[in-house]
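Asks: Going down the list, the sequences are from chains A and B. Position one of the first sequence corresponds to residue 1 (full-length UniProt numbering), numbered consecutively onward. Position one of the second sequence corresponds to residue 1 (full-length UniProt numbering), numbered consecutively onward.
Because the hints were derived from the structure by calculation, they are not lab data. Values in this document were obtained by computation on a predicted structure and should not be read as measured data. Glycine is no exception: its CB is placed at the ideal position from the N, C-alpha and C atoms. Treat the hints with caution; some may be incorrect.
Heads up, incomplete: computed chain B residues facing chain A, CB under 7 angstroms, no partners named [said to hold, decoys possible]:
# : residue
1 : R177
2 : S252
3 : P256
4 : G258
Number of protein chains: 2
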Amino acid sequence: MKACKLFRAGDRPVLVDEDAALTPLCSGDEREDRQFGKGLHKEIAALQEMLYAEHQRKVLLVLQGVDCAGKDGTVHQLFRKINPMGLRPVRFDVPTVAETARDFLWRVHLQVPRKGEIAVFNRSHYEDVLHPIVYDRIDGPEAGCRYAQIRDFERTLAESGTTIVKVFLHISKDEQRRRLQDRIDDPEKHWKFDPEDLKHREKWSEYHAAYEKAIAETDAAHAPWYIVPADSKPHRDIAVAALLAETMRGMSLAFPAGDPKLAKLRVK
Amino acid sequence: MKACKLFRAGDRPVLVDEDAALTPLCSGDEREDRQFGKGLHKEIAALQEMLYAEHQRKVLLVLQGVDCAGKDGTVHQLFRKINPMGLRPVRFDVPTVAETARDFLWRVHLQVPRKGEIAVFNRSHYEDVLHPIVYDRIDGPEAGCRYAQIRDFERTLAESGTTIVKVFLHISKDEQRRRLQDRIDDPEKHWKFDPEDLKHREKWSEYHAAYEKAIAETDAAHAPWYIVPADSKPHRDIAVAALLAETMRGMSLAFPAGDPKLAKLRVK
């Protein structure tokens, strides 16, 4: 089954822990899966070269998920074969003073992909609805207003030639515990550990309710949300690669036609 | 011999076509060379992870060279193993109106690496001395002024924790002819071909004189120039990887020390 159909969130997403462990795109045979993933990475690189050559449209991949969901790891795997010159990897950290002095979409807009680029957002404007809702810093009407602003923003991007793919990396609470504990147990990984992560973890159900709502409010044909089971890293990587490859296949990319005037040109 | 010593330009660089074909870092055995390159790519990825974990210093790789010298290809090979989240690939195209309305370093400064990042500049501020000199758009005193501004700018970056590596990819006029002709002969590569390239090619010796001067004027211990023979793509890739790996090895990177307070923490 096509990944785009399989993982499409739709307008009534339900995030339950059990689903995080599913591995519908894995065959069970490790070697076979690795080959499948490898093929997808090569295909993504080939599609990106055409996107780059065409120099008209853009691709935006939004990666969201709770702490330890595997956003960094996904980016690392997904673009193994790509030429980085056509990739715009963007991380949205805690906003700076200059950023909070503007609307929440300002810093995001500055980073949208250029013609020919794939941009990958590691966290995104969705953080600006999720956190404030979970920590009661905005009320319902304000949240509704931000969803509408996000919808408008993404529609503008789509209308100007941006193909959007939004992925929620779905891990279970148990898997998050294992990954956090792993970071704690290995002193070499302490730099990855942020005590704040434990605080957010206490709000697990609030976060997931906020995600369900945010996904429902902002899923659109031109900006679809996908929920990818991500307890298994191999499955996560294959699934996101399949989503991106399928989406880009659908763009009918091709190298620009050759210029007949060049046919007889000899370089001296 | 260490690549950093072998290719260091120094303050009296001479660019002659014959040198472009040298392959001092290749063994002659293709498989052996591939393994060597692979090892360097992995090492660069590992060093970058520590740079990223440390989150203090930065690395800036400047790639220059005539058209077809292989800047894009170098970037593609060099970062095969890296996590793109710690990489900032930057291309400097023809400046926009907003960019030419400022000094030539303005747009460059906006793109310098953040803490923990490796930035790679595919073309750079050097274009703003090379082209104007070759096409007589600035005179000697103005060129001298720009060299000084570049020296000051790079010193500022170095003083704020940026390790700088500047590479001139050196190809011969014959090799450029072959590569341009190749782009012309393959309609699928026409998008890479810019008729302007032929115009620049006519100014081959002027460009190389301008490069010799620019390199001599801006080579510094904290911002060294390297001249990499690049007629052979495998040699070019190994040489640039060796330069970057050696340079980063010299930074004594390490994962931050673990936090003893975390030792007994159990995630619930």
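Asks: Compare the structure with the hints numbered earlier in the document and write down the numbers of the violated ones, lowest to highest.
Replies: Violated: hint 2 alone.
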